[in-house]
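Participant: These are the residues of each chain, in order.
2 protein chains.
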Amino acid sequence: MTTRKRVLITGAAGRIGSHLAATLADRYDLRLQYNRTVPANPPVADVHIANCADYEALAPALVGVDAVVHMAADPSPRGTWESVLENNIVGARNVYEAARAAGCRKVVFATTNHVMGMYDRDQQWPIYCSQPVRPDSLYGVSKAFGETLGRWYHDQHGLAVICLRIGWFLPRPHDEIGLWMWLSPRDATQVVWRAIESPIGYGIYYAISRNARRHWDITETIERLGYRPEDDAEAYAQEILGPGG
Amino acid sequence: MTTRKRVLITGAAGRIGSHLAATLADRYDLRLQYNRTVPANPPVADVHIANCADYEALAPALVGVDAVVHMAADPSPRGTWESVLENNIVGARNVYEAARAAGCRKVVFATTNHVMGMYDRDQQWPIYCSQPVRPDSLYGVSKAFGETLGRWYHDQHGLAVICLRIGWFLPRPHDEIGLWMWLSPRDATQVVWRAIESPIGYGIYYAISRNARRHWDITETIERLGYRPEDDAEAYAQEILGPGG
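Here the protein sequences come in this chain order: A and B.
When you number the first sequence by our numbering, it's gap-free, plus one each residue, and the end is 245.
When you number the second sequence by our numbering, it's gap-free, plus one each residue, and the end is 1245.
No lab work stands behind these hints, which were simulated from the structure alone.
Backbone N, C-alpha and C fix where the C-beta goes; we use that ideal spot for every residue, glycine too.
Take these hints with a grain of salt, some might be off.
[To be verified] So the derived label-pair ranges between C-beta atoms look like this:
1) V1044/B to T80/A: 46 to 52 angstroms
2) T1219/B to I200/A: 30 to 36 angstroms
3) T80/A to S1130/B: 28 to 34 angstroms
4) P42/A to E1176/B: 35 to 41 angstroms
5) R1228/B to P77/A: 41 to 47 angstroms
6) P1077/B to Q238/A: 38 to 44 angstroms
7) G242/A to G1103/B: 45 to 51 angstroms
[Stated by the list, open to error] Stretch by stretch, here's where chain A covers chain B in the computed footprint (C-beta under 8 angstroms, at least three residues):
8) 1061-1072
9) 1084-1097
10) 1145-1152
From just these sequences and the hints, can you work out the full model?
Facilitator: Given below as structure tokens:
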């Protein structure tokens, strides 16, 4: 018999957060953080209402958990400075700091392809996580900050931090861009639990499905995290592009 | 006859800022930003009092200048989160944004070796600016943020941004660490005006003297910015280390 880990998911009302809350409950004892209100039928009973930008309100949510999956953020590439400052920069710092203070040793930080979006704009492919960052938005800048802060919390305080640069999370791809940047729901679930279980101290990894037309390196995700993606957007290519596409 | 550039120096009361204000006045028409009060005898008449964290107060300082040398910051590696958030993160954003809004096309951003300080702690030398960042402090994290934000302002808005990772600015080195990370006053002045004059769109460069015992790459600084350091801390080695040191 093994003891189940207790895992906090922040942003559990969000598009990806709510999916993870539903699909990781059989593997972990989940605690779910909501910003304002708890949905009518939350998937688990252990819930915590707090804005991540409010350290004192957030901190108790980290007490007694083995890992936190930090999904809460303003996820819009059009997010204003004021919004990403509060929700993404201050919010990420508060999660790392509360984790450190509470003795929670593992942070899975949801970051984004937008950290490297200017390479995509210039079609400078492939992209590896080790390249210098080139964000395409203040959102991307704010997520790069969270990756860097995680590096410091690892080096300085010994937190294990896995940064997942999440692609386009959708039930299925619907267009040409989706063919290369899709992250399927079940691959999202897998890559997050692989990150939780990983013994790695710090790393940044692209999180997309094994799309035949991908432009971002997932070799490191496969090799280091043990990720075994099950889906490939190519299955939808003919439907999206038409015959001969 | 050439037109002299108008250059704003923020943090002009600081240790490096005041040196630059004194030594760049013969080359440029300077405007000096002070946080609270203007010193008794400012080196130039064009002064502006504003806290960089206050966008509305700061913005007029950028109007009509060709370049800004952004030195204002909490420079302490022991700076708290609250301090670096306000002074370094919000402050840097406000300078970039005010530059963009005012049509000031060039930002020289003062950053630091502390962005890479964990490599130094682990003696993983040499260090090149192209390596992933490993800050040793929240100060270092905040300066890495400023570098990344500058990358975005360049890519998105066309600002030319030169990030100088300034070493240990001192009249002369006094100890063993100083022998490798020293930046002499006249080399500081030179590397800043080289950055102002450079046609490069975006770059990050170490700014130290040509110390024989250096651990940080200045090949790029020499090659790309045209920097020609005049001083070498080695001149003080025997005095510091004793005979045979």
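Participant: Evaluate each hint against the coordinates.
Facilitator: Hint check results:
no. : hint                                  : result
1   : V1044/B to T80/A: 46 to 52 angstroms  : violated (36 angstroms)
2   : T1219/B to I200/A: 30 to 36 angstroms : holds (32 angstroms)
3   : T80/A to S1130/B: 28 to 34 angstroms  : holds (31 angstroms)
4   : P42/A to E1176/B: 35 to 41 angstroms  : violated (58 angstroms)
5   : R1228/B to P77/A: 41 to 47 angstroms  : holds (42 angstroms)
6   : P1077/B to Q238/A: 38 to 44 angstroms : violated (57 angstroms)
7   : G242/A to G1103/B: 45 to 51 angstroms : holds (47 angstroms)
8   : 1061-1072                             : violated (count 0)
9   : 1084-1097                             : holds (count 5)
10  : 1145-1152                             : holds (count 5)
In terms of the numbered hints stated before, the structure departs from hints 1, 4, 6, 8, listed from lowest to highest.
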